[in-house]
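Number of protein chains: 2
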Amino acid sequence: MSETRTDIGEIGEFGIIDRLTNGISLKNETSIFGVGDDAAVIDGGPDEFLLVSTDTLVEGVHFNLMYMPLKHLGYKAVAVNVSDICAMNGKAEQITVSIAVSNRFSLEALEELYAGIKLACLEYDVDLVGGDTTSSVSGLMIGVTAIGRVKKEEIVYRSGAKEFDLLVVSGDLGGAYMGLQLLEREKDVFKSNPMIQPDLDGHDYIMQRQLKPEARHDIIKYLKELGVKPTAMIDVSDGLASEILHLCKSSNVGCHVYDEKLPIDAKTSMTALDFNLDPSTCALNGGEDYELLFTIKQSDFEIIQSNPNFSIIGHITNVEDGVYFVDKSGSAVTLKAQGWKHF
Amino acid sequence: MSETRTDIGEIGEFGIIDRLTNGISLKNETSIFGVGDDAAVIDGGPDEFLLVSTDTLVEGVHFNLMYMPLKHLGYKAVAVNVSDICAMNGKAEQITVSIAVSNRFSLEALEELYAGIKLACLEYDVDLVGGDTTSSVSGLMIGVTAIGRVKKEEIVYRSGAKEFDLLVVSGDLGGAYMGLQLLEREKDVFKSNPMIQPDLDGHDYIMQRQLKPEARHDIIKYLKELGVKPTAMIDVSDGLASEILHLCKSSNVGCHVYDEKLPIDAKTSMTALDFNLDPSTCALNGGEDYELLFTIKQSDFEIIQSNPNFSIIGHITNVEDGVYFVDKSGSAVTLKAQGWKHF
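As they're listed, the protein sequences go chains A and B. Counting the first sequence from 1 gives a position; our numbering is that position plus 39. Counting the second sequence from 1 gives a position; our numbering is that position plus 39.
Okay, chain A solo, but in the shape it has when bound (with noise of 0.2 Å):
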């Protein structure tokens, strides 16, 4: 081993992956895609690809038990990796869960936990075919692999998008980080008094956001029943800021990126001014909503613009003007990422 000690907490999660994958070339003929991308795609036949994402959620990391029942767990553990197959404009069809648990946790507790899991793989058509069980020493892991399926014709990368396509994101943002603050709130509140009951009410959009976000497959399905086929596309799970930076990296493009045409819902609005947070930031920076990020070409601008389930948010620029984030007053400043650090 050598001498130096590199701290992971500096270098950051996508540093370390970097770092590791370095210098990492595919050999076998099936390897189509390796990392870098929402899953990889390995052959699958004649006219298919398969695709493989997969995602651990971890105890004190990505979850609090205190307020995430473990049913909503379990189906959110499967939502993150749908969610990356329906970013390559595939199908998720099997996943494989993986659980450490300690023996804190009952048979009745992983039971729930796997009702979540079950009720996702109904949702999302997916059949659960294998796994692993196993103890940890504390705390509760849960790692799922999602396997998908997309025509060869149909896959769509990160690293497509060209100058003068059109950004557009699904749904709206924000909502999930915004659930997350008010849980954060009621769960300090209990902790100073567990007599006082949890103030949640009219909060059901936000809280759903966070304990039940949903893969955009119903997106996947509707882009193709109106003939528009993303030139590059990515799912926000750290937040649309780093999501975009991704993506304009990936197909060495830059963008402009204009505030007023973040989609925020009035509910998230409200709750981030509650906070004394600007909504903007939030649904730049906030991460979890799990809403497809995507570039489409202007011919479908018409398509995509009159439509309520997407925002045109910006356009691709070429790699040397670099990527905008144009403010309501009309000033541009560099987009930067703040996502999630883990570490």
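Simulated from the structure, these hints should not be mistaken for lab results. Only true hints are included.
Simulated coverage check for chain B against chain A, where a stretch passes if three residues somewhere in it have a Cβ under 8 Å from a Cβ of chain A:
1. 46–59
2. 64–75
3. 93–107
4. 156–166
Every residue, glycine too, gets a C-beta built ideally from N, C-alpha and C.
We have chain A; now place chain B onto it with these hints.
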């Protein structure tokens, strides 16, 4: 949640899996076989099946970093999954790696872990195509998903053993378990007096069996060359007894296993005796040898019997005859699995 509280330690890993996967049915046409074999089977085109296996190693449960070098750990995490693909008579081609790690690990430590992963990829001709790196509250967790391929007519399930088939195991057994005993003993010595150097001289073989187990992909190739297709197969991860019971249960057969036929290396036997352990018990219940246990037709007897890579350890009987272990005195006792109990 139900008001009953069942301790997960009481019902063990297989009991948990049975309960949690109870009632799961496969709905997608591409899902060929789900929970209950070494790997899940999904459709991979006109001629091939894809095989998916996942296994997670948890610090303090599956490994102890006091004596498991990180590079070996990375290698082992890949090998155990490749072994599952071998057990379906397939060839592993891709892996994804999920790591959860606390900030007590440096980037250089993770690079050491990845050096082992990459070495295993080279050895097994597998591409690292994706993964996930996240933080943990404490300790290290490494989850690997392996994806393999097998021609449709060549797949081997656990369930294909028939009465009169012969029960065969590759290599030798019990070594990995004795390696672990030795490491545990030296750890205790070190704890009581850190000045004493570990005494592992002459134990290279069993140390290597524990620290750097190999998936028997060579055996799979070799059987193909010999023209022998096993009727059923499983890898020896939890211990021979446990795997024999799995194979017999899946195939709905009984069997007789002969103590005197168990392949045990002289170094394993000597170390076992040194620890006052019965070598056969170590071979039966030790686990982690990652050899292949399989059944063959009587017509393949000649080919296998004369081959030093294989030991014929018993024969398959009718299910009503039960699963028996015949000791050296000729007494038959019902075979029971101890295997690993992590909970």
